[in-house]
Amino acid sequence: MTHVAYGVWDGIVYDRQTPPDHTGAPDYDLKNFDEFDAGNPIRAFFGDRGFFVFDETVSLVDSLYHYMAKAAEQSCGVCTPCRMGTVLVRDALDGMRRGLAPSLDLDRIEMLGEQMRQTSLCGLGQTCAVALLDALHHFRGRIEAETAPGRPVPAQHGMAYVTAPCIEACPSKVNVPRYIDYIRDGKPENSLGVLLQQYPMAATCGRVCVRYCEQACRRKFVDEAVGIKTLKRYVADQQSGPHALKFTRDMIRKPLADGMKVAVVGAGPAGIACAYHLLLGGYHVDVFEKSHQAGGMAQIGIPSYRLPKDTLAMETEIIADLGGRFLFGQQLGRDFSIDDLFARGYKAVFLGLGCQAGSRLGIAGEDAGLRGYFSGIDFLLKVHDHVDGIAPLALSGEVVVVGGGNVAMDCVRSALRLGADQVHVVYRRTREDMPADAEEIEAAEAEGIRFLTLTNPTRILTENGRVTGVELVRMDQTDPDESGRRKVRPVAGSEHVLPCDHVIAAIGQQVEDGALVQGDGVALDRWNCVAADDTLATSRPGVFAGGDCTTGPSTLIYAMAAGQNAARNIDDWIQRGSVRFFKRARMRKLIADNRFLANDVVETPVRNAYRVHNPELDPELRKHMFEEVEQTISARAAYAEAQRCMRCYRVYSVVTRHSIP
Amino acid sequence: MCTPDPARDPAEATIALILNGTDCRGFPNETILACARRHDIYVPTLCELDDIDHTPGTCRVCLVEIVQAGRDEAQIVTACNTPVREGMEVRTRSRKAREMQRLQVELLMADHLQDCATCIRHGDCELQDLAQFVGLTENRFFDRARTEARPIDLTSPAMVRDMRRCVRCQRCVAICRHHQQVDALAMEGTGLDRVVALRDADDYPSSACVSCGQCVLVCPTGALGERDETDLALDYICDPDIVTVVQFAPAVRVAFGEEFGMPAGTNVEGQIVAACRKIGIDVVLDTNFAADVVIMEEGTELLSRLKERRRPTFTSCCPAWINFAEIHYPEILPFLSSTRSPQQVLSTVAKTYLPEKLGVDPARIRVISIMPCVAKKDEAARPQLTRDGLPDTDVVLTTREFARLLRREGIDLKHLAPSAFDSPWMAEYSGAGAIFGTTGGVMEAALRTIYAIVNGRELDRIELTQLRGFEGVREARVDLGGAVGEVSVAMVHGLGGTRALVEKVLAGEADYDFIEVMACPGGCVDGGGSLRSKQAYLPLALKRRETIYNVDRAAKVRQSHNNPQVQALYRDFLGEPNSATAHHLLHTSYEDRQRALTHTVKEIWDDITASMMLY
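Protein sequences appear in the order of chains A and B.
Quick note on numbering: the UniProt record's numbering labels position 35 of the first sequence as 35, and the sequence is numbered without any gaps.
Quick note on numbering: the UniProt record's numbering labels position 189 of the second sequence as 189, and the sequence is numbered without any gaps.
No lab work stands behind these hints, which were simulated from the structure alone.
One should not assume that every hint holds.
Stated by the list, open to error - Calculated from the model, a selection of chain A residues having no Cβ within reach of chain B, i.e. all distances over 10 Å: (1) Gly77; (2) Gly85; (3) Arg184; (4) Gly186; (5) Glu189; (6) Lys220; (7) Ala244; (8) Thr248; (9) Gly259; (10) Asp335; (11) Ile390; (12) Ala446; (13) Asp481; (14) Val606; (15) Arg607; (16) His613.
To be verified - No more than 25 Å apart at the CA atoms, straight line, and that leaves these computed lysine to aspartate or glutamate pairs for DMTMM-like: (17) A/Lys246 - B/Asp183; (18) A/Lys246 - B/Asp607; (19) A/Lys589 - A/Asp105; (20) B/Lys96 - A/Glu317.
Computed from a predicted model, the values in this text were never measured in an experiment.
The beta carbon of each residue, even a glycine, is placed where N, CA and C say it ideally should be.
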């Protein structure tokens, strides 16, 4: 348990020196705060809501200087108080810590701090003087005592970190406000450049991302979250026009020797992201892919009306532009083993195998060989081949899709486009419980899909080896349990038959059997996923894994983040034999564990300005075709949407006993 | 919008609030600033410009104190982008609000070059006004070295962008991006290094800028301005070996009197002629005369194009439009009339025909052109418009520079007796030439003459009022009779509308014979070189326009072809309109100046890293 020596947080003063009869606030309950990295205690922490000092000998002046220096470096310069104030205060604190006559006295520093806090345009300026003002209001004597001798204060160790709720929510830690700023500034290519620092598949992400960032967006307290994904797609789509950015080998930081090669298994989002970052780090990368196209689930699992195939292909090609090699038709476990890879001289292996085997419903009459029966993922694969012109597919009659996730929605909307007369979704919980994106559900409804919720299949009816119907049972909800969650249970006697021609089981996927064989030395966990630790290392040294094959079916952005993290860790492992401490990740954990980045309300009134939406094709027209439904927004709409971002940047800093590795 | 909208029904003002102690009602989502203005309460502002719906909230000067309903503590907010709320109490003049407003202006001044005496905006600056409004008394944070290190862009022949005087209000970016839709400007850099920059270019010649000068009209300070050439003009005027010829544009005479305290829209043609004589100009000519010549050339050209079924034909008198077509839509260039602009026609004739008449060596002549336009400086420098390496037009002074020149000569226009042109060759003009200065004017002037050519008689109703609307894009069908019959015409002012129209033409969706384009909204009467207004955009457009139409009404001759001096020019010198001589002297050519842009990710990353540390 860490004890606060003194500090202020959310306006509450903590001071261990307060006499017992005085009503000093109780100690603040801080989690995970003892040391920053092993053997390196945290001496003080500064943030957007105040500061904590744990070690009485910490210099407030030096700490506040470093904090303000970070704010000044990050100030965008748009508004007057932050642009000027951060610099003036930083320089004054710098003079003080050096033992020089300060350029501003404490009263003026306080005046500028108040001006920044109360009148700045965005979150950075509004919060970066809070700790300073708290210190000046409540512990001014300490600051005066520090500067009284007129000598330099001893240097301190630590780090400062800038983030925002949307950045923290993003698995890939995309600097969202920054890429929105660039749109607002009139530099969309720089905006794309910010995205490309994290992953190469910006246009894909701009179409299919599940948008953790928008869930965290504080604009929703005013009206609606900023259309972050819509803006991403706007800048990424410039990549296909005449002004497309060129990927060149000079992006590679430092080309490494020929022998420094890494094998990436699986050309899905995780593998592509991993290969991209390894290539940028100078490695030679071969990507082994069992199919004949790159993209993985983004290629076969997302229908072309949501993600056109050429958009994805353009982005996976970036790997080749950077010198990476795709080896298609190469399946792990069939064509090669992990031992083979090490024998061929690869220094490390990344497994991005994905989860591509559809889960079974586990009900009577279910048989993979039935005509008219598909798993969701197999069905989407057939849809993919249809769109590619490899194997035309036509459906007729009634189609029942079981499941409530995005794959289920992709199946129903695809089935409709293939000519089904009526398509039903069967889902055992309520519509609100469906894990699919609300937009996907609404789009499916607009296209005429019938939703049978609180309904579960119990038996598949067949005749001569083909599906003729499905027996369904109605479900009802139990009262909420302690966690507030309702369970569902079958209603006895409510069984009924829905005649149909096709049943598609879209209830989940798992890693394909046979990819990993005995002797590979890569352990699986109890869900049959690849077991990987925090650093994404598997049980076999030099083999890392990420994406769906370690987590079970998840999202594109998690897979790309895993690929990026794995690339960094693989680099460490090859260069130094172990994975290094990652200080920004530690800072994120500190912030998350203590909920510092609170979703506080917006204090002052803000004018409502509702978000723009991607133009869409008419449902009656689009339900017959596989062309992209959503269109890119106009430049004018993009400028307007970018204007809605409130830039909720926050600065956090720690002071530590030793330097941070 | 921050000004009261008269169309709004007062019954919709349902939000009850207290403004400086008085109960009042605001509209839903109305800003405190708009509500205060509606109630005649002044709040100092800088970056905001209501006429272009610009409230970026960047200067943070319009601070007011509010207490929200159900709360005790007061908050400081910006009036420009904070909405009124039920039960809110607003104090615009509390001590705290006033002190914070003042500190904000002091911080604005901290990296603003305050050499006001040498500033192009001297005496007419919104920032100076603002300092007065907030009672600025000290300047504790000013850092001269830091300020002087900020960049100045001198690469344009027309304009200067001086970041030492920029307050980062972004009005210029907004007018260029949203209104003119040229989008030549971008905000660049962070913190103190934040500047207005050219988008994707290091200098004006390689940028998307068309020199329309609308950015200059909205700039609150001297950060944007014309390239001042009054000294060059004075050098010529004071050189006894040089014969100076002045021409001034149709719009200048109706958009100049304000500078000397005369009512907006006063026609000061006579005073300008007198002033020119007083400062020592040798020959005072009128661009209106050249406008009549342009109609002869362009009208004839249009008729021959119609016969060849080449349509549409775009007018070519506006140099910012020429720049726009060359840089942004080179595919449209074959549709532009090849006739030079009135400025260039006058300059050429002044260096060919006039010397013969005057009996002077053409090499001794210098043409000084007074224009409500900064793009005319660009035009004068075009290689196509030089002869033997020398420009036809030697100096272009914007209306603003001309005012400066007169002040330097101690002339107050208001106290000057009007004079008249005395050139027997190049100063008379028709009403048609006079209306060139406003949107629709070139079209109307051309149709008057074309009708006469086609039918051998004049139009019955000389004023084509169907062309005289003020919407951004207007169209009309006019029966020209004879072999030509009905023609379809369009007039557009402002480049935003122009872009849309050009796109339509290129897509084959527009059906026009003749299209008049003026790059500046309102036409030349509100050109980028005209007098600046403070905290307003084009407030005087309609008054100036009315005066221009009055000049037409009062003119002895209403059609270009009936201008006796024009008739003499063709008779004595050019021959027929579109003759070989006319073609050689009065027509020009255009070039494709579109730039292919390809960035590499590496370049972009270097730029991002340079402007912002990666977090």
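Query raised in the report: Hint by hint, which ones does this structure get wrong, listed from lowest number up?
Result: 1, 2, 3, 4, 5, 7, 8, 14, 15, 19, 20
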